[in-house]
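Heads up: the protein sequence lines correspond to chains A and B, in order.
Position one of the first sequence corresponds to residue 1 (the numbering used here), numbered consecutively onward.
Position one of the second sequence corresponds to residue 1 (the numbering used here), numbered consecutively onward.
Any given hint might turn out to be false.
Covered stretches of chain B, as calculated for chain A (at least 3 residues, CB under 8 Å) [claimed, not checked]:
{"id": "1", "stretch": "24–32"}
{"id": "2", "stretch": "73–83"}
Cβ-Cβ distance ranges computed for the label pairs, FRET-style [as the list claims (entries may be wrong)]:
{"id": "3", "chain 1": "A", "residue 1": "Leu254", "chain 2": "B", "residue 2": "Thr76", "range": "53 to 59 Å"}
{"id": "4", "chain 1": "A", "residue 1": "Gly126", "chain 2": "B", "residue 2": "Leu108", "range": "49 to 55 Å"}
{"id": "5", "chain 1": "B", "residue 1": "Leu64", "chain 2": "A", "residue 2": "Ala161", "range": "32 to 38 Å"}
{"id": "6", "chain 1": "A", "residue 1": "Pro158", "chain 2": "B", "residue 2": "Thr60", "range": "50 to 56 Å"}
{"id": "7", "chain 1": "A", "residue 1": "Ala218", "chain 2": "B", "residue 2": "Ser104", "range": "42 to 48 Å"}
{"id": "8", "chain 1": "A", "residue 1": "Gln80", "chain 2": "B", "residue 2": "Leu64", "range": "29 to 35 Å"}
{"id": "9", "chain 1": "A", "residue 1": "Gly220", "chain 2": "B", "residue 2": "Ala109", "range": "23 to 29 Å"}
{"id": "10", "chain 1": "A", "residue 1": "Arg144", "chain 2": "B", "residue 2": "Leu108", "range": "46 to 52 Å"}
{"id": "11", "chain 1": "B", "residue 1": "Thr76", "chain 2": "A", "residue 2": "Ala161", "range": "44 to 50 Å"}
{"id": "12", "chain 1": "B", "residue 1": "Asn42", "chain 2": "A", "residue 2": "Pro67", "range": "50 to 56 Å"}
{"id": "13", "chain 1": "B", "residue 1": "Asn107", "chain 2": "A", "residue 2": "Gly63", "range": "45 to 51 Å"}
{"id": "14", "chain 1": "A", "residue 1": "Asp172", "chain 2": "B", "residue 2": "Leu74", "range": "26 to 32 Å"}
These are computed hints drawn from the structure, not numbers from a lab.
Built from N, CA and C at the ideal position, the CB exists for glycine as well.
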Amino acid sequence: MTRVTTTWTTQGTTSAALGTLAAEGASGALSGERGIVYLSAGRVVHVESAFTPDLGALLTPSGAVPPDGWWDAVDRGGTQHRVGHRLVDSGRLAAGALEVCHLGALFDAAYFLLAHDTRAHRFRPGASHWLGAVRSVPVDAVVRETGRRRALLDRIWPDPAIDTAPLTRVPDARAAGLPVRRGRTLTQVDGVRTAAEIASALACRTYRTLVELRRLAAAGLVAPAPPAPAPSVPTADPAGGVWDDPDTALLRRLRDALEAL
Amino acid sequence: MANLETSLKECLSSIDGASAAALVDYTSGMALGTLGGGKEFNLEVAAAGNTDVVRAKLRTMELLGLKEEIEDILITLNSQYHMIRLLKGRGGNGLFLYLVLDASRANLAMARHQLRRIESELEV
Chain A
1 MTRVTTTWTT QGTTSAALGT LAAEGASGAL SGERGIVYLS AGRVVHVESA FTPDLGALLT
61 PSGAVPPDGW WDAVDRGGTQ HRVGHRLVDS GRLAAGALEV CHLGALFDAA YFLLAHDTRA
121 HRFRPGASHW LGAVRSVPVD AVVRETGRRR ALLDRIWPDP AIDTAPLTRV PDARAAGLPV
181 RRGRTLTQVD GVRTAAEIAS ALACRTYRTL VELRRLAAAG LVAPAPPAPA PSVPTADPAG
241 GVWDDPDTAL LRRLRDALEA L
Chain B
1 MANLETSLKE CLSSIDGASA AALVDYTSGM ALGTLGGGKE FNLEVAAAGN TDVVRAKLRT
61 MELLGLKEEI EDILITLNSQ YHMIRLLKGR GGNGLFLYLV LDASRANLAM ARHQLRRIES
121 ELEV
């Protein structure tokens with residue numbers, strides 16, 4: 001952690017930047033066009049992306065953790081970067097279940113950051129995520145897995161726009177006769193929502209949702225909505241790395257407080 | 001409370017004849033955790049390959065219109081059992097536990113019983 005903030009505006013992709021940081025054994029946060037990767041001693045400890053629901057959005061709607069319990073853990077553990085520990089210590093979640101969910105969210109977010117060769121913006125040495133240490137994964141394992149997932153998705157239907165664009169149902173597309181999960185996914189396609197929002201609505205892992213959506217696209221039932229003025233999901237860092245990365249926990253608490261008014 | 005690593009360790013220590021265990025995401029074929037195996041038995045390859053087994057069975061059930069869920073899939077080799085147990089979970093985790101057992105030492109009913117207990121620690 002002897003480095004100061006490094007800007008990657010002129011250098012290569014997020015995966016290339018990650019490879020360099022892993023070789024150095026760096027700890028900190030690397031922001032890319034589509035999210036942030038958190039490293040500790042050169043290993044990936046967390047990834048978040050605006051294109052995927054975060055851990056809270058996966059755990060609370062399914063009832064695995066009550067929303068109160070989640071926010072209590074965020075409030076009490078957030079500033080010490082120990083939210084994960086608090087969930088387990090308070091008995092709300094088994095340690096193994098937390099690790100499984102955390103890895104799921106990590107690889108889901110990593111897919112968006114790394115699979116489409118987007119660029120890295122900057123690296124903040126020493127920055128850590130409020131969730132705290134749950135499990136770490138080697139950088140090359142994350143890069144390899146995202147590449148494999150991209151290949152798997154492209155084999156189903158080779159249109160990456162399905163992953164990020166608002167999706168629309170092709171006229172006359174019906175859920176009848178489809179497997180349960182695919183039918184349920186189709187009913188959430190409304191011309192406005194993106195894959196991430198559909199995954200959130202179903203409280204389902206994003207990659208699974210992407211698989212179903214690409215299958216629906218391959219069957220000619222779903223297509224990216226025409227590029228109307230429909231607002232898309234904002235990228236994590238629209239100002240190109242000029243601003244500090246927002247404190248997500250604080251922003252979520254703010255949003256909840258505003259909604260409660 | 002058990003984490004992923006201790007859950008896998010428990011599979012090998014508490015189940016007679018168990019020599020390798022893996023927790024696998026069957027939407028992508030990725031092993032979230034592995035224990036045992038080695039040079040002569042690559043668990044990453046086993047994870048990816050057995051993902052195809054699970055997918056094929058799920059697909060067949062879809063085609064048959066079966067609304068049941070798979071509890072486990074047992075593959076009997078000459079000297080080994082390979083057991084695939086699908087985890088439940090409200091969010092539809094899409095995970096299975098994969099276990100390699102020595103057929104001469106394993107007791108399948110006991111193995112299932114132990115696995116049920118271990119997997120409850122991993123379910124959300």
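Hint check results:
1. Counting residues of the stretch 24–32 of chain B whose CB lies closer than 8 Å to any CB of chain A gives 6, so the stated coverage by that chain holds, three being the minimum.
2. Under a criterion of three residues with beta carbons nearer than 8 Å to beta carbons of chain A, the stated coverage of the stretch 73–83 of chain B fails, only 0 such residues being counted.
3. Against the hinted window of 53 to 59 Å, the Cβ-Cβ separation of Leu254 of chain A and Thr76 of chain B comes to about 57 Å, which satisfies the hint.
4. One distance hint, 49 to 55 Å for the beta-carbon pair Gly126 of chain A and Leu108 of chain B, holds here, with the actual separation near 51 Å.
5. Evaluation of the 32 to 38 Å hint for Leu64 of chain B and Ala161 of chain A yields a pass: the beta carbon distance comes to about 34 Å.
6. Taking 50 to 56 Å as the suggested C-beta distance range, the pair Pro158 of chain A and Thr60 of chain B does not conform, at roughly 26 Å.
7. In this structure, Ala218 of chain A and Ser104 of chain B meet the distance hint of 42 to 48 Å, their C-beta atoms being roughly 46 Å apart.
8. One distance hint, 29 to 35 Å for the beta-carbon pair Gln80 of chain A and Leu64 of chain B, is violated here, with the actual separation near 52 Å.
9. The hinted range of 23 to 29 Å is not satisfied by Gly220 of chain A and Ala109 of chain B, whose Cβ atoms lie roughly 47 Å apart.
10. Checking the proposed 46 to 52 Å range against Arg144 of chain A and Leu108 of chain B shows it is violated: the Cβ atoms sit about 35 Å from each other.
11. Our hint of 44 to 50 Å for Thr76 of chain B and Ala161 of chain A holds, since their Cβ atoms are close to 46 Å apart.
12. One distance hint, 50 to 56 Å for the beta-carbon pair Asn42 of chain B and Pro67 of chain A, is violated here, with the actual separation near 42 Å.
13. Hint check: Asn107 of chain B to Gly63 of chain A, Cβ distance near 35 Å, so the stated range 45 to 51 Å is violated.
14. Checked against the hint of 26 to 32 Å, the C-beta distance between Asp172 of chain A and Leu74 of chain B comes to roughly 43 Å, which is inconsistent with it.
Going down the numbered hints, you'll see the structure goes against 2, 6, 8, 9, 10, 12, 13 and 14, while the others check out.
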